[in-house]
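A.B. asks: Letter by letter, the chains look like this.
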Amino acid sequence: MHRLPRSSPPPAQSACSPKLHAMDRVFRRGGTALAKLVAMSTSNAPAEDRGGPAQPLLILKDLKKHFPIKGGIFGATVATVRAVDGVSFDVHKGETLGIVGESGCGKSTTARLLMRLLDPDAGEMVFDGEGVGQHSQTGGMPLKEYRRQVQMVFQDSYASLNPRLPIEDTLAFAPKVHGVSDAEARARARDMLAAVGLAPGIYARRYPHELSGGQRQRVNIARALALQPRLVLLDEPVSALDKSVEAQVLNLLVDLKEKFGLTYVFISHDLNVVQYISDRVLVMYLGQVVEMGPVEAIYDNPTHPYTQALLASRPSMDPTKRRTEPPLTGDPPNPINPPSGCRFRTRCPHAEGVCEAKVPVAADLGGGHLAACHMASPGSGHSLARRLAA
Amino acid sequence: MNAIMEKQPIATGTVTAKPLVTMRDVGVKFVTRDRTVHAVNGVDIDLAAGEVLCILGESGSGKSVTMRALMRLLPRFAQVTGRIEVAGRDVVAMTEPELQEFRGGDVAMIFQEPMTALDPVFTVGRQIAEAVERHEGVSRQAGMARALELLELVQIPSAKRRLEAYPHELSGGLRQRAMIAVALACKPKLLLADEPTTALDATVQIQVLLLLRKLQEQLGMGVIFVTHDLGVAGEIADRVAVMYAGKVVEEGPVGALMGGPLHPYPRGLLGATVHGNMRGQRLTTIPGAPPSLETLPKACAFAPRCTEVEAICETAIPEPRSPVPGRMARCFKV
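As given, the protein sequences belong to chains Z and Y, one line each in that order. Sequential numbering of the first sequence, starting at 379, is according to my numbering. Sequential numbering of the second sequence, starting at 451, is according to my numbering.
The hints are simulated quantities; they were obtained by calculation from the structure and are not laboratory data.
To be clear about the criterion: a stretch of chain Y counts as covered by chain Z if any three or more of its residues have a C-beta under 8 Å from a C-beta of chain Z, and this derived list gives those stretches: (1) 620–632; (2) 655–668; (3) 707–721; (4) 728–736.
For every residue, glycine included, the Cβ atom is placed at its ideal position computed from N, Cα and C.
Could you build all of it, start to finish, from the sequences and the hints given here?
C.D. replies: Following this line, the structure appears as C-alpha cells:
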C-alpha cells in the first residue's frame, strides 16, 4: 500500500478479516513493481496522439544501466555489470518491434527501463515528443502519465497476478486507482475479458490458480490493456506456454493490436516467433544493439556475424537438412567484464586487430538497416570491410 | 578419451534382434488421498540399440513420467503397471541393490536443469569420479583420470582446470556438458535425456544437440530424448513418438512424421509451431486444452479438440493402426 497515493480507493477486499488484510498488505509490499505499474494518474480517457504519425512513439537515446556488485568487508563496489550499455532506438507508431538476444544480453533490463521499473543511469527517453520523467511545465511527461500509456506483460503468468484476487478484481484494480468508478471498472474488466477470449460469465470470479497457463496469460494481456495504453511491452509472453497455446496467444496479440491500434515491443529469445510477429527487429548482444532493421532485412540478409550465427543456430524443421557444425562455440561471455572494442570479437570468426582496438559504430545499410560491425562500415580498417561495403 | 572409445563395444553395427528397451502397456497412476491421476495409460515403446527416439508432447502428456518409470525413479505412491525391460532385464522386478547397479551403469539420465541435478558442494571432477568409483570399483586416482577423459570427451575447454570447478563456476552450456559427462561415466547402453537443451540459449542449444548426436554415434548408445520442441526432434531423432494424455498417439521415422503426420494432434502441433517465414499468415491452433487425467479416458482423448471428430471417436478408444510399415497412429480415420 505504501507506494500508492493516499487518495487511492481501498483495496477490493478491505471487508475481509484483519488477518487477510494484513496478508494483502504484505503481498502488495512485495509486489511494488506491479503497484508502480498501476499507480497514479487521474485521467482515464484514452490518451491522444500528439506528435502526429511521423513522430516516433518512443525514442531512446544512449540508455545505460549498470549494476554495481558489492563485495569485501566495507561493501565497496568490486565490479559492475553493464546490463544495458548505450542503447538507442526508436519505436514507431503502430509497429511491432521485436528484441532478440540470448540470456544476459540485456533485453529484459531494457524492458524494465522502458517501463521505468528501473531508472536509467544515463540516457534520454522521449515519448511522443515529450521527455519522460520531466515536469509537464518544462514540456515533459510525468512518470505517472507515462505509465498509464505504457503497460507490460510478463513471462511468468502466475507470478504477475495477485493470487488472492478474483481476476475481475485484478482487471478492475488499475482503472479504479486511476479514478474510474467501481461499477464502470468492473464493466470494463468484463469487456476486456471478452476481448481476450475468456467468457466473463465463467471466468470473471475465478482465481488465478483456477486457470490454465494460457488463460492466465490472456488475463495478463487484459490487465495490461485495461488502462487503454498506447504501447505494450511484451517480455517473453509466450515462452512458458505449450506450442498449441502459444499459437492461440500469438493470434490474439495480432487481433488486439489491430482492434485497439496498439504498438508492441516484443521481447523473446525465440527467433521464429519474433520473425512471425515483428515489423522491425533489434538484435542485442552483451548490453548493446548489434543489428537493427526491418524484419525481412534481418532474416534474409543478416550482416552482423552474431545475427548470422544466431539465425543459423535455429534447429531446422527438416531432418534431411541437419547441420554438422555449430555456428558458434562457447557461451555468451559474462557482462561483468565485457571484451574491449567489439564485444562479440571473442566468439567472432572474422575478428581482427581493429575489432579489439575500436568500438564499431552502427553502419547504415539503407532502408533503416543498421549493423554495428567493422566489416559493414567502409574504411574501418577491417580487411573485409571494403568488399562488404561495395 | 580414446581409451573410452576402445573399451566400449561398438553396438552400432551389431544391432541384435533383441531390442534395448521394451515397454508394454505401461501405465502410471499417482494415487493420493485427494485424487488419482492417470499420468500414463498404456504406453508401448521399443528402442533398438544405437537408436535415438524422441518422445514429443506438451506439458502433462506423460512424457517425463514415462522416462522416470523406465528408470524406476517415481515416488512410492506412483503405481506402475505393465512390462518394462531394458537390455533383457525386467526393471519392474529389480530389487533396490540391483537398481543401484542398473542406474548409472546400464542406464543414465540427464535433466533439464543442470544446476539442480549437480551437487553444488562437490567439484565437477569429484562427481564424475564418484560414479566411476562406485560402479567399477577403481581407485580415487583412476576415477579422476577417467573424469578428465570424460570432460575432454564432452568438449569442455581447458578440462584439467575445470575438474576443480564447482557447478556454479561454470556457464549454462558447460554445466550441461558436465552433466552429460557424469551420465556417460560408466558407458551406459541407454541414455535418457529429459529436455536437456530447453534451458539453454539458441547458440548453445545447437552445440549441445550436435555433441549428444556425436557421442551417441561414437558410443553406440540408445537414446530416449524427451522434448516439446519439434525443431529439436528434427535435429536429433531417428524415430519420434508423439504423446497425448498419457498415450503414444503417433510413432514413426522422423522424416515421415514431420513431413506428413497421420494423427490430427501432431498435424495440429506442426501447424501451430511458428517456423520459417509465416509472417502475415494466421496460425492454425488446436482449440481447447488437454484433458484432466483424473478419470481414465473412455474414448479418444483428443476427440474434444479434434476438427475431424466423428461419432465413433467419442465412444471407443482407437487401437493402434499401422497403414505404412514402421508407422503407427491411434486414430479411427487412419
